[in-house]
Amino acid sequence: MLERPDAGELIEAARETVLNSLLAALPREKHYEARMVANALAIAGRSLNAAVPAHDIARLASTLRHNSPAPGSAAYAETRAALDEIARARCAVSAPKAL
Amino acid sequence: MDDATLSEAAGAPVRVLSRALLSGGAIQQNWLLEVERGGAREDWVLRTDNAATLAVSLTRPQEFALLRAAYSAGVPVPEPLFEGKHDGKPFLVMRRVRGTANAIALGKQVGPGGDAALVRECGKALRRIHAIAPPRHDLPFLGEPPADPALAFVAAMEQRLDDAGTPRPVLEWGLAAMRRHAAPPLPPVLLHRDFRNGNLMVEEGRVTGVLDWEFCGWGDPHEDLGWFCAPCWRFAHQHLEAGGLGPREAFLEGYGTGVDVARLPYWELAATIRWAVIAADQGARFLSGVERSLELALTGHIVPALEMDILKQVEGLDAGTA
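If you read the sequences in order, they're chains A and B.
Going by the UniProt record's numbering, the first residue of the first sequence is number 1, and it counts up by one from there.
Going by the UniProt record's numbering, the first residue of the second sequence is number 1, and it counts up by one from there.
By construction, these hints were calculated from the structure, which means they are not laboratory data.
As the structure is a prediction and not an experimental result, all values here were calculated from the model.
Ideal Cβ placement from N, Cα and C applies to all residues, glycine included.
It is possible that some hints are incorrect.
Here are the simulated lysine-lysine pairs, DSSO-like style, with alpha carbons at most 30 angstroms apart [what the hints assert, rightly or not]: (1) B/Lys312 with B/Lys108; (2) A/Lys30 with B/Lys108; (3) B/Lys124 with B/Lys108; (4) A/Lys97 with A/Lys30; (5) B/Lys312 with A/Lys97; (6) A/Lys97 with B/Lys108.
Here chain A is said to cover these stretches of chain B; the calculated rule only asks that three of the stretch's residues, wherever they fall, bring their Cβ under 8 angstroms from a Cβ of chain A [said to hold, decoys possible]: (7) 172–186; (8) 285–299.
A short, non-exhaustive set of chain B residues, derived as facing chain A with CB atoms under 10 angstroms [to be verified]: (9) Asp163; (10) Pro167; (11) Ile302; (12) Val303; (13) Pro304; (14) Ala305; (15) Leu306; (16) Glu307; (17) Ile310; (18) Leu311; (19) Val314; (20) Asp318; (21) Ala319.
Kindly produce the complete structure, drawing on both the sequences and the hints.
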């Protein structure tokens, strides 16, 4: 068994340190970079528990390039649902505010 | 850069009194120079390339030619002064314009109510850019205008996705919708291709300079209109459809005649797709190790939010055709 705090807990603690302690001590022109560090840590933290939907991404991309389903067809609705699932899973890690 | 290099390029004795690196893009370096030319004090901006340059951006001499064309057409741009070379790297010098181009700061300044007069001016400025039409012998590097700008856009994005090598089904979904809904081509005009909040220098509610000309090309004017209005460039004010700065009606009113509003949702989708492709490329640039920049790394993570926009935009375009 690995020692705790684990990766997620350490990332969260590091992020809190950046935002709650370091940021105020930095000159204004470094705030943007500090916020980027906090953002990167948040994304890394969320990616630890990310659920990746089971879709063949390469095949789906290739089908849409060469033989995209027509609006109104069953294949269209099915594809739309799959894409929605993929985009939501990706957003949950990268930009949950957009959900 | 020394006084001798600048004097030679300027064709007059130049003495640099002060220099400061301005905050700026991932692609170029911009220096603010306070100089004395022929005994008179002037404020200049010198622009040169950064280490890693995107293959799709124009060279400094080409950007200089575009600035000259825009300046003559009455577009609010920094006056282009001269160009030169230093250590084998081309540079250009333009007169400094006052104001701020910071998108977030400008959004705060206009507030949630927006600034109708400002977006009207933005429309006017864009119209002046679009008054430049081919053929133009001073802009040969822009190539021949595409026969069908919409389909050429789709092909160019597909090529970039193929070059990057990462399958992106949501972007393909958007491109397929663009193929389905392509309207007949219009006579081509000069497109700025990055005309948005963030590239507009504004002082006291007036546009003092349209910046960043390196993505120019010939195409459908609605491409620029859609880019300006696309959700991804509205930042904090999603309800202000003209760049997060004001109402869409005021922007189009400033632009004037010739807008086919039915084409706007199409080119707003195009804008989201193109920004997603650029953002993905920037993330890939970080991954390639060419440039270890946290900003580039995080830009890659913008793509999923843009994919959510694309799904909504395609739904809007397809509604009624099903």
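Tested hints:
1. Between the alpha carbons of B/Lys312 and B/Lys108 the distance comes to roughly 27 angstroms, so the proposed pair stays at or under 30 angstroms and holds.
2. Straight-line distance between C-alpha atoms of A/Lys30 and B/Lys108 comes to about 20 angstroms, which keeps the hinted pair within the 30 angstroms bound.
3. Simply put, B/Lys124 and B/Lys108 have alpha-carbon atoms about 23 angstroms apart, close enough for the 30 angstroms limit, and the pair holds.
4. Between the alpha carbons of A/Lys97 and A/Lys30 the distance comes to roughly 24 angstroms, so the proposed pair stays at or under 30 angstroms and holds.
5. Taken as a hint, the B/Lys312 and A/Lys97 pair is honoured in the structure, with Cα atoms around 16 angstroms apart against an allowance of 30 angstroms.
6. For a cut-off of 30 angstroms, the pair hint linking A/Lys97 to B/Lys108 stands: about 20 angstroms separates their Cα positions.
7. By the rule of at least three residues with a Cβ nearer than 8 angstroms to a Cβ of chain A, the coverage given for the segment 172–186 of chain B holds, with 6 such residues.
8. Residues of the segment 285–299 of chain B with a Cβ under 8 angstroms from some Cβ of chain A number 4, which satisfies the need for three, so the listed coverage holds.
9. For B/Asp163, the interface hint is violated, since its Cβ never comes within 10 angstroms of a Cβ in chain A; the closest pair sits about 14 angstroms apart.
10. Interface restraint check: B/Pro167 against chain A, minimum CB-CB distance 4 angstroms, threshold 10 angstroms, status holds.
11. Taking 10 angstroms as the C-beta contact cut-off toward chain A, the hint placing B/Ile302 at the interface holds, the least distance being around 7 angstroms.
12. Checking B/Val303 against chain A: minimum C-beta separation of about 7 angstroms stays under 10 angstroms; hint holds.
13. Hint on B/Pro304 holds. Least Cβ distance to chain A is approximately 4 angstroms, under the 10 angstroms limit.
14. Checking B/Ala305 against chain A: minimum C-beta separation of about 4 angstroms stays under 10 angstroms; hint holds.
15. Restraint check, B/Leu306 versus chain A: the minimum CB separation of about 9 angstroms is within 10 angstroms; hint holds.
16. Interface hint at B/Glu307: satisfied, since its Cβ lies 4 angstroms from the closest Cβ of chain A, which is below the 10 angstroms cut-off.
17. A cut of 10 angstroms between beta carbons decides the hint on B/Ile310: the least distance to chain A is about 8 angstroms, and the hint holds.
18. With a least beta-carbon distance of about 6 angstroms to chain A, the hint placing B/Leu311 at the interface is held under the 10 angstroms criterion.
19. Below 10 angstroms, beta-carbon pairs count as interface contacts, and B/Val314 has one with chain A at about 8 angstroms; its hint therefore holds.
20. A cut of 10 angstroms between beta carbons decides the hint on B/Asp318: the least distance to chain A is about 4 angstroms, and the hint holds.
21. At about 9 angstroms, the closest approach between the beta carbon of B/Ala319 and any beta carbon in chain A falls short of 10 angstroms, and the interface hint on this residue holds.
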